[in-house]
Amino acid sequence: MPIEVEVVSRVRELYHTDKADMVIIPGSEGEMGVLPNHALLLSTLGFGELRIVEGEDIVSFVVYGGVVDVRPDKVTVLADDAESLYELDMEQIEAARERARQLMEEGVAEDERAHIVQELRRAEIAAKVHQRAMKRPGQRIRTLEDEDEA
Amino acid sequence: MPTTREIKRRIRSVKNINQVTRALEAVSASSVRKAQAAMLASRPYSQHAYNVLVGVAAQVKGTPPHPLLEVREPVQRIAVVIITGDRGLAGAYNANIVRRATQFAERYGQPTHWVTVGRKGRDLIRRWIARKRRDENAAPFLREQKLVAEFSHLPAAPDLGDVAPIARVVFDEFLDEVDEVFIAYTNFINTMTQQPRVLPLLPLRPFEPRTRDILELVEPDPEVNYSNRSYIFEPSAEAILGEIIPRFTELQILQAVRESLASEHSARMVAMRNASESAESLADALQLEYNKARQLAITSEILDIIGGVEALAQQEEAP
Numbered sequence: 001m002p003i004e005v006e007v008v009s010r011v012r013e014l015y016h017t018d019k020a021d022m023v024i025i026p027g028s029e030g031e032m033g034v035l036p037n038h039a040l041l042l043s044t045l046g047f048g049e050l051r052i053v054e055g056e057d058i059v060s061f062v063v064y065g066g067v068v069d070v071r072p073d074k075v076t077v078l079a080d081d082a083e084s085l086y087e088l089d090m091e092q093i094e095a096a097r098e099r100a101r102q103l104m105e106e107g108v109a110e111d112e113r114a115h116i117v118q119e120l121r122r123a124e125i126a127a128k129v130h131q132r133a134m135k136r137p138g139q140r141i142r143t144l145e146d147e148d149e150a
Numbered sequence: 001m002p003t004t005r006e007i008k009r010r011i012r013s014v015k016n017i018n019q020v021t022r023a024l025e026a027v028s029a030s031s032v033r034k035a036q037a038a039m040l041a042s043r044p045y046s047q048h049a050y051n052v053l054v055g056v057a058a059q060v061k062g063t064p065p066h067p068l069l070e071v072r073e074p075v076q077r078i079a080v081v082i083i084t085g086d087r088g089l090a091g092a093y094n095a096n097i098v099r100r101a102t103q104f105a106e107r108y109g110q111p112t113h114w115v116t117v118g119r120k121g122r123d124l125i126r127r128w129i130a131r132k133r134r135d136e137n138a139a140p141f142l143r144e145q146k147l148v149a150e151f152s153h154l155p156a157a158p159d160l161g162d163v164a165p166i167a168r169v170v171f172d173e174f175l176d177e178v179d180e181v182f183i184a185y186t187n188f189i190n191t192m193t194q195q196p197r198v199l200p201l202l203p204l205r206p207f208e209p210r211t212r213d214i215l216e217l218v219e220p221d222p223e224v225n226y227s228n229r230s231y232i233f234e235p236s237a238e239a240i241l242g243e244i245i246p247r248f249t250e251l252q253i254l255q256a257v258r259e260s261l262a263s264e265h266s267a268r269m270v271a272m273r274n275a276s277e278s279a280e281s282l283a284d285a286l287q288l289e290y291n292k293a294r295q296l297a298i299t300s301e302i303l304d305i306i307g308g309v310e311a312l313a314q315q316e317e318a319p
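Chains as they are written, first to last, in this note's numbering: chain A, 1 to 150; chain B, 1 to 319.
In isolation and in its complexed conformation, chain A is listed as follows (with noise of 0.2 Å):
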């Protein structure tokens, strides 16, 4: 029995499947994985890699944050913040945590500090789910030409 998933951000809808066989979550209290038939389950999400298994295909979003429900034959992935694992650019994301790294050290105001913290956590979220993406064998990135076709 497939599971349904449902990936939406405050802004967007991300993903819709019902057939996926098991969804690996970023719980706020460590890794999940779900298989169909879980117990109904309420959690907070941290900051992560979202990985939806469908046959062969693993289907990667990193968030940040949100909550999760869970029940036995549907998942609701509700994040604060998602974004694709095809829609990270590395380059972008380098640049951040530089900027981000070189105004820590220069030293800013204590209001916009916890927001660089925070921005800053986020590349680096991002850029350790790539990474670790890139090396799992066998994992196929989905492209944007992937959804327009679906």
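None of these hints come from the bench; they were simulated from the model. The structure displayed is predicted, hence computed values, not measured ones. We treat Cβ as the ideally placed atom computed from N, Cα and C, and that holds for glycine. There may be inaccurate statements among the hints.
[To be verified] Example chain B residues on the side facing chain A (calculated, C-beta under 7 Å, incomplete):
no., residue
1, V52
2, D159
3, G161
4, A164
5, I232
6, F233
7, S236
[To be verified] Once the Cα atoms are required to be at most 20 Å apart in a straight line, the calculated SDA-like pairs of lysine to any residue come out as:
no., chain 1, residue 1, chain 2, residue 2
8, A, K74, B, A58
9, A, K74, B, P44
10, B, K34, A, E13
11, A, K19, B, H48
12, A, K19, A, M32
13, A, K74, B, V54
14, A, K74, B, N51
15, A, K74, B, Q47
16, A, K74, B, K34
17, A, K74, B, F233
18, A, K74, B, S230
Dock chain B against chain A, hints included.
Just chain B now, kept in the frame of chain A:
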């Protein structure tokens, strides 16, 4: 028959009106696009969030893990948040949602606390409350209504921060004053169609209407089953519910505001287009009348001249 000068003055004023309505139509058209995009972007999230919350609320047995989930019976007082526009000239937009909300309050049959968003709603609801208070035949619960808060002049593109004060009032009302809270807003379907509706807001739970005629006015909740299992909460029920219940309720209010805004701009655009078209056809009709009047004047002048010429000729022939 009015004189040509009078008709000309009327033509000029109709044409001026036409220019104003055209300008308003153009302004609304661009606002519609922006409001619609904002509303569509957050619609999936808020719909899913709502389904999740109602699902969670359906599992709750015994003492609710969060005060906003507390179901109180019997309901003795309700609050209605009504979302309207700040300005008129939007066809029946404001009147429709106010009619829907007041109808709902009347059928519900309990004293209502009103929270209005938008200047028009404030004025219309205030007048309605005053009318019911004066009306000696009105049911006692209708005479006990009051306006508890009003918000107007929301920004053109409202965000969570802008609805937070509204949510604050809603939470306070629910915790201290009323047993149920509803929200009345205009659902955006497309540019030509907008649907005024009432949704249950608090407590969060699958809504069970008490009578059939209320059901007509309130949207049913999504179907929820799995009634025999209970939720696992991570990290803990208090932590997660304490965070998401207020936030999702705010989101729901925000979504209602966004839907209403898109509806308002569409309604105004359509109303202004109709007004422009009527102004044009009125201007055409007046132009025709003007031409006729002018022709009539010319004809009668010519008749005068010819009459004079004839008379002169007869005088010359006579002697």
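Outcome of the hint check:
1. V52: holds (4 Å)
2. D159: violated (10 Å)
3. G161: Hint violated; G161 of chain B Cβ to chain A Cβ min 13 Å, cut 7 Å.
4. A164: violated (15 Å)
5. I232: Since chain A brings a Cβ to about 5 Å from I232 of chain B, closer than 7 Å, the hint holds.
6. F233: holds (5 Å)
7. S236: violated (10 Å)
8. A:K74 - B:A58: holds (17 Å)
9. A:K74 - B:P44: Holds, at roughly 16 Å.
10. B:K34 - A:E13: holds (18 Å)
11. A:K19 - B:H48: holds (19 Å)
12. A:K19 - A:M32: Judged against 20 Å, a Cα distance of about 19 Å means the pair holds.
13. A:K74 - B:V54: Holds, at roughly 15 Å.
14. A:K74 - B:N51: holds (12 Å)
15. A:K74 - B:Q47: holds (15 Å)
16. A:K74 - B:K34: Roughly 33 Å between the alpha carbons, so the hint for K74 of chain A and K34 of chain B is violated.
17. A:K74 - B:F233: holds (16 Å)
18. A:K74 - B:S230: holds (16 Å)
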